[in-house]
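Asks: Single-letter residue listing:
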Amino acid sequence: MGKKKEKKEINEKVDVEAVEIEDDTWWWLTHKGIGATFLCISVFALLVRVAVSLHPYSGAGSPPKFGDYEAQRHWMEITLNLPVLEWYRNSTGNDLSYWGLDYPPLTAYQSYFHGLFLRFFDPDSVSLFTSRGYETYVGKLLMRWTVLSSDTLIFFPAIFYFAFVYHSSCHSSRKNDCAWHIAMLLLNPCLILIDHGHFQYNCISLGLTVAAIAAILSQRELLASCLFTLALSHKQMSVYYAPAFFSHLLGKCLRRKNPIHGVAKLGLTVLGTFTVVWWPYLHSTDALLGVLSRLAPFERGIYEDYVANFWCTSSVIIKWKRLFSVHSLKFISLTATVLTCLPSMVQQVMAPSSRGFLYGLLNSSFAFYLFSFQVHEKSILLPLLPASLLALEERRPFKWLMFYGLFSMFPLLCRDKLVLPYFALHALFMLLYHAPCGHGGRPRNARPNNTKFDYFDSFKTFMNGFIYLSSFILHIVYLTMHPPEKFPYLFEAIIMLICFYQFALLAFYTNVKQWSLLEHSTTEEEKKLI
Amino acid sequence: MESSSSTRQLLWFFAIAVCVKLLLIPAYHSTDFEVHRHWLALTHSLPLSNWYADETSPWTLDYPPFFACFERFLSIFAHYIDPQIVDLHNGLNYRANSAIYFLRISVILSDLWLLYGVCRLTKNADVKRRNLIWVLIVWSPALVMVDHLHFQYNGFLLGWLLLSISFLQEGKDLMGGFLFAVLLCFKHLFAVAAPVYFVYLLRHYCWKGLFRGFSRLSVLGAVVVAVFAAAYGPFLYHGQIQQVFNRMFPFGRGLCHAYWAPNFWVFYIILDKVFSFFLKKFGFSIQIPAASFTGGLVGDSSPFAVLPKISPSTTLIMVLLALSPCFIKAWTNPQPRMVARWIAYAYTCGFLFGWHVHEKASLHFVIPLAIVAVQSLEDAKHYFMLSIVSCYSLFPLLYEGQEYPIKVLLLLLHSILMWLGFSTKFTRASAPNTMVTAKKKGAQSKSIESSSPAAEKGGFTIGWVGKSYLLGLLLVEIWGQFLHPYLLGDKFPFVPLMLISTYCAFGIMYSWIWQLRWIISTT
Numbered sequence: 001m002g003k004k005k006e007k008k009e010i011n012e013k014v015d016v017e018a019v020e021i022e023d024d025t026w027w028w029l030t031h032k033g034i035g036a037t038f039l040c041i042s043v044f045a046l047l048v049r050v051a052v053s054l055h056p057y058s059g060a061g062s063p064p065k066f067g068d069y070e071a072q073r074h075w076m077e078i079t080l081n082l083p084v085l086e087w088y089r090n091s092t093g094n095d096l097s098y099w100g101l102d103y104p105p106l107t108a109y110q111s112y113f114h115g116l117f118l119r120f121f122d123p124d125s126v127s128l129f130t131s132r133g134y135e136t137y138v139g140k141l142l143m144r145w146t147v148l149s150s151d152t153l154i155f156f157p158a159i160f161y162f163a164f165v166y167h168s169s170c171h172s173s174r175k176n177d178c179a180w181h182i183a184m185l186l187l188n189p190c191l192i193l194i195d196h197g198h199f200q201y202n203c204i205s206l207g208l209t210v211a212a213i214a215a216i217l218s219q220r221e222l223l224a225s226c227l228f229t230l231a232l233s234h235k236q237m238s239v240y241y242a243p244a245f246f247s248h249l250l251g252k253c254l255r256r257k258n259p260i261h262g263v264a265k266l267g268l269t270v271l272g273t274f275t276v277v278w279w280p281y282l283h284s285t286d287a288l289l290g291v292l293s294r295l296a297p298f299e300r301g302i303y304e305d306y307v308a309n310f311w312c313t314s315s316v317i318i319k320w321k322r323l324f325s326v327h328s329l330k331f332i333s334l335t336a337t338v339l340t341c342l343p344s345m346v347q348q349v350m351a352p353s354s355r356g357f358l359y360g361l362l363n364s365s366f367a368f369y370l371f372s373f374q375v376h377e378k379s380i381l382l383p384l385l386p387a388s389l390l391a392l393e394e395r396r397p398f399k400w401l402m403f404y405g406l407f408s409m410f411p412l413l414c415r416d417k418l419v420l421p422y423f424a425l426h427a428l429f430m431l432l433y434h435a436p437c438g439h440g441g442r443p444r445n446a447r448p449n450n451t452k453f454d455y456f457d458s459f460k461t462f463m464n465g466f467i468y469l470s471s472f473i474l475h476i477v478y479l480t481m482h483p484p485e486k487f488p489y490l491f492e493a494i495i496m497l498i499c500f501y502q503f504a505l506l507a508f509y510t511n512v513k514q515w516s517l518l519e520h521s522t523t524e525e526e527k528k529l530i
Numbered sequence: 001m002e003s004s005s006s007t008r009q010l011l012w013f014f015a016i017a018v019c020v021k022l023l024l025i026p027a028y029h030s031t032d033f034e035v036h037r038h039w040l041a042l043t044h045s046l047p048l049s050n051w052y053a054d055e056t057s058p059w060t061l062d063y064p065p066f067f068a069c070f071e072r073f074l075s076i077f078a079h080y081i082d083p084q085i086v087d088l089h090n091g092l093n094y095r096a097n098s099a100i101y102f103l104r105i106s107v108i109l110s111d112l113w114l115l116y117g118v119c120r121l122t123k124n125a126d127v128k129r130r131n132l133i134w135v136l137i138v139w140s141p142a143l144v145m146v147d148h149l150h151f152q153y154n155g156f157l158l159g160w161l162l163l164s165i166s167f168l169q170e171g172k173d174l175m176g177g178f179l180f181a182v183l184l185c186f187k188h189l190f191a192v193a194a195p196v197y198f199v200y201l202l203r204h205y206c207w208k209g210l211f212r213g214f215s216r217l218s219v220l221g222a223v224v225v226a227v228f229a230a231a232y233g234p235f236l237y238h239g240q241i242q243q244v245f246n247r248m249f250p251f252g253r254g255l256c257h258a259y260w261a262p263n264f265w266v267f268y269i270i271l272d273k274v275f276s277f278f279l280k281k282f283g284f285s286i287q288i289p290a291a292s293f294t295g296g297l298v299g300d301s302s303p304f305a306v307l308p309k310i311s312p313s314t315t316l317i318m319v320l321l322a323l324s325p326c327f328i329k330a331w332t333n334p335q336p337r338m339v340a341r342w343i344a345y346a347y348t349c350g351f352l353f354g355w356h357v358h359e360k361a362s363l364h365f366v367i368p369l370a371i372v373a374v375q376s377l378e379d380a381k382h383y384f385m386l387s388i389v390s391c392y393s394l395f396p397l398l399y400e401g402q403e404y405p406i407k408v409l410l411l412l413l414h415s416i417l418m419w420l421g422f423s424t425k426f427t428r429a430s431a432p433n434t435m436v437t438a439k440k441k442g443a444q445s446k447s448i449e450s451s452s453p454a455a456e457k458g459g460f461t462i463g464w465v466g467k468s469y470l471l472g473l474l475l476v477e478i479w480g481q482f483l484h485p486y487l488l489g490d491k492f493p494f495v496p497l498m499l500i501s502t503y504c505a506f507g508i509m510y511s512w513i514w515q516l517r518w519i520i521s522t523t
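Just so you know, the protein sequences line up as chains A and B, in that order. Under my numbering, think of the first position of the first sequence as 1, with each following residue one higher. Under my numbering, think of the first position of the second sequence as 1, with each following residue one higher.
Each hint should be verified, as a subset may be incorrect.
Chain A regions said to be covered by chain B (calculated; three or more residues, Cβ under 8 Å) [said to hold, decoys possible]: (1) 51-60; (2) 137-149; (3) 229-236; (4) 369-383.
Among the chain B residues that face chain A by a calculated CB cut under 8 Å, a handful are [said to hold, decoys possible]: (5) Leu24; (6) Leu410; (7) Leu417.
No lab work stands behind these hints, which were simulated from the structure alone. Everything numeric in this text was worked out from a predicted model, so none of it was measured. Every residue gets a Cβ at the ideal spot worked out from N, C-alpha and C, and that includes glycine.
So here's chain A without its partners, still in its complex pose:
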C-alpha cells in the first residue's frame, strides 16, 4: 500500500482517477511481482507459439528442395549419422549442394541433440538419405516441439533475466510498464512467425544475445562475453551485434585502472569459449577453413530476393552485380558497414553506458542490415531485438519498426502460406501495444530532450498517414492482384522501397539519439541505469 501512495505522489500531475482505473485494469496481473507476471505472460506467449506452429512451414510439400524446415531436418540427419569432421565437408554421405550445413558448430550440435530426440520417437525422420523430404504429421510435430523447447529453455529465461535486471535497476518503472515490456519482448510477431511458422531456431542465438545483454547490464562482463560468443557460434548473423559489444566493453575497460588487464580477461574468455565450441575443427587449418568457407557463402551474391537494404533497393537504379566483381563488392559493402557502425562505436568507446549500449546494439545491427553483404529478409529480426529491449523508451519507433519489419517479410510469409498467422499476430501485437490504460501512444515518458527532434516528429506525422495507408493497400493488392507480366516482382519491389525508406529513417534517428546521450552528464546516466 505504501508503494501505491508513493506512486500517487509521483504522478501528481496525472489525473488521480486515471491512475486508479489504470491500476485497476491490470492490478491483479502485476501485484504479485515480476515473477508471477512473467509466468503468466510467458504461458500466453507459449500458447501463441504453439498455435502458430499448427500452420504450414516453409517449403511444405514442395519438392525437390523444400525449405528451411527440410534444411534443419537434413542437418539433424547429417549430424546424427556422420562423424563430426564430415559435417561441413562434401563426402559420399554428405552432399553439400542439398542444404549443406552453413551455420557454425553450435547449430550443428543443437541439430545433433534434436536429431537424437527425433530418432527416439520417429527413427525414419532422420535416417540417412531415405529421410529426404520427410513430411509426416508426427515428423512435423516433433520438429515443431524442438523449436518450442529451445524457445522455452533459452529465449524465455534470457528475457526473464533481462526484464529482471532492467526493471530492478529502472527507477521509475511502474509494474504495468514492466508487464507491458515483457509482453512486447515475448510476443514479438516477427520472431514467432519466423521460428514457429517459417521454421528456424533464431530463438537460440537471440536468446543467448539477450542473456549476454542482461549480463552486461548487471555488470557481469565475463559472462556476457562468453554468452555472446556462444550466440556467435550458433548463428554467424549475431555478428551484427559484435561492434556494439566490442565498443561497449572496450570503452568500459579503458575507464578502469588497468585497461590491458580487463581487455585480456575478456579476450581470453572469448577465445576460450570459441576453442571449446570449435574444438573438433581446430586440429587442422583445412578443417577450420572448410567450416569458415561454409559460413560465408559469398557466391550467393550481395543480395537475394527483395530485401529492404541499401544494395537491393539501390539496384533498381545501379546494377551493382553487373558493375562490380564479387570481390570488390565485398570490400565496398564491408567499408559501408563499418562506416555506418562507426559513429555508434565511437560514442560507446567515449562514454559507455547501459542505455547507450542498447542504442549501440540497435545501430550496429541496423548498419549491418542495411549495408552488409548477403542480407536476408529475416535479418530484420536482429535490429528488432534491441528495439524491443528499448521499447519502453522508444515506444513509437519500436512500433514503427515492428510494423515495417513485419511488412518487409510479408512476401516471404505469403510464400510460406502464413498469411493468417501474419495478420493474427500483427493484430495481437497492436492490441497488446495499445493495451487498455497501458501506453498506446500516450507520451507519458516525453522527455525534455525530445523537443530537439521536433522537426523529426512533424515530418513523421506528415508522411506517416500516407505510408501507413499505402502499406495497408499494398497488403490487399499483394494478396488479391497479379502483377503485370513485364514486372513479376513489382509489388515486392514497392514493399522493399517503402520498408527501406523507413528503416533508413529509423537508423538515422537512433544514431542521432545515441549521440544525444553524450550531452547528458555521464555520471547521471550511470546513476539512472544501473
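Fit chain B to the supplied structure of chain A, relying on the hints for placement.
Replies: Below, chain B alone, put in the same frame as chain A:
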C-alpha cells in the same frame, strides 16, 4: 464516458481472444464440424418441411428449429463464399479451406453474442470484478476447447443464457423469461433449468395478488407460447411435429456417452462392476451383460450385472429431487441476486444425474458460475476448483498430439490467471479499496464488505485437500499420457479415460454439494 471505455476494454479482451482463435483455425476439429456443415447444406437446399425428415447424412438435424434457422441464416453467406459448402450431396465431408475458414469464423463471430451477454451482465459491476469476470468468461479455456477446437456454437447459446440472467438480475422477469424460451428453441438441452425458471418466475413475477397475478401469468404464458409457436408452428403446419420431436429426443441412446461424462453414473457403473466382481468371487453366478452403457436400445437388456437398471424416467426423478431444495428456496425467498446460482445449480444437477450427458454440458454451469465467482472468497475457492476440474474433464475431446500442448497451456494459463486474479482480489487491504469502489458504485459495496473479513483470515488459499486433489489430477494425466502407454502398452485402452472421468466426477460432486450447501444456507 466510463461505460464506453469499459466497452472498449471488453472489446480488447475479446479481440485478444479472437487473435488466438484465428490462429487455432487449422487445428483438429471433431465430426461436429461435418455435422454443422451438413446442417448448413440441409437448411440451405431443402424446404422447411423436409429439414427434420432428411436422411442424406447420418448427421441428421437434432437441434430445435431456431438453431436450424440460425444455420439457414449462416448458409446464405456460406453460399457466397463457396457454394460447395452448402451442397447437400457434393458437400458431404467437404473439408476445403474455404469451408473450414467459414465455419470457424462463424463460431468466432457468433461469440459476439456471448460478449453482449457478458457486457450487459457486468455493466454495473465495479472495475475489478468486471475485469475478472471478463477473464473468466471471454478467455474461458473450456469454451475455446469446445467451440473453437472441437467445434460447436456454445458461446453463442450461452450468450442467450447470460442475457436472460442479466435481465432477471435487474428484475425484468418477463424479458428474462422470454430470452430463456428463445434459448430453449435454440438448444433443448438447456431445458434442465426450466423448472427453476418456472418456480422463480411464478413466485417473483406472477405472485402479486389474484387479479394482477393472473394477468401477469397470462402475459408470461402468452410470451412463452408465442416463442414456441414461432419455433414449432411451421412444423406443426407441415405435419412434421412428431418427426421433429423424434429427432430432438433420441432416447435410444445409452445412459452414458461414449466417453463417460464425469457424473454420478460413473460411480454407479463402477459400484456395479465391484459388486459383480466380489459376488463372483464368492461363488454367485453373475451374468456379465453384453450390452454396454453407452449405446444400445433401452429396454432390451440391462447393462448392469447386479444393480437395477436405470431408465430415463429414473434420471428425471433424480434430477428433480436434487433440484427440490432449490425450488423451496426460490419459492420462499425469490431474490434476483440468487438467480445465477440457482440456474447454475440446476445445470449441475442435470449434468450429474441426467440421461446421456455429454461432458461438454459442464459449460452450462461453469460459465454462469463465473458471474458469482468473484463475489466472495468462498465462491472464488469453489470456482477455482470447479473450473479446473471441468476444463480438465474436456481433455479427452482433443486426443491428437498436435493439440496436446494447446489444451495443457490453455488450462495452465487459465489457472494462473484465476490464481492471480482471485488472490489479488481477496488479499489486497480492502479499506481504501472499498472507499474508492463505494464512491463509484454504492450498490456494490456489500460484497466488498463481505470479502474483507475473509481477507483478514489469510485470503485466497487452497487447503491441503484441494492441493492434493489438484496434484492427483496431475498424476492422473501423467498416468494416462505417459505411464500407461509405457507400462501397459495397448492393453486396457479405456483405463486412462475411465480414470479421468472418475477422478473428475469427484470434483464435480464436490461442486454440487458445495452449491447445494450454499443454496440451503443462504437466506
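Asks: Hints the structure violates: just list their numbers, smallest first.
Replies: Violated hints (numbers, rising): 3, 4; every other hint is consistent with the structure.
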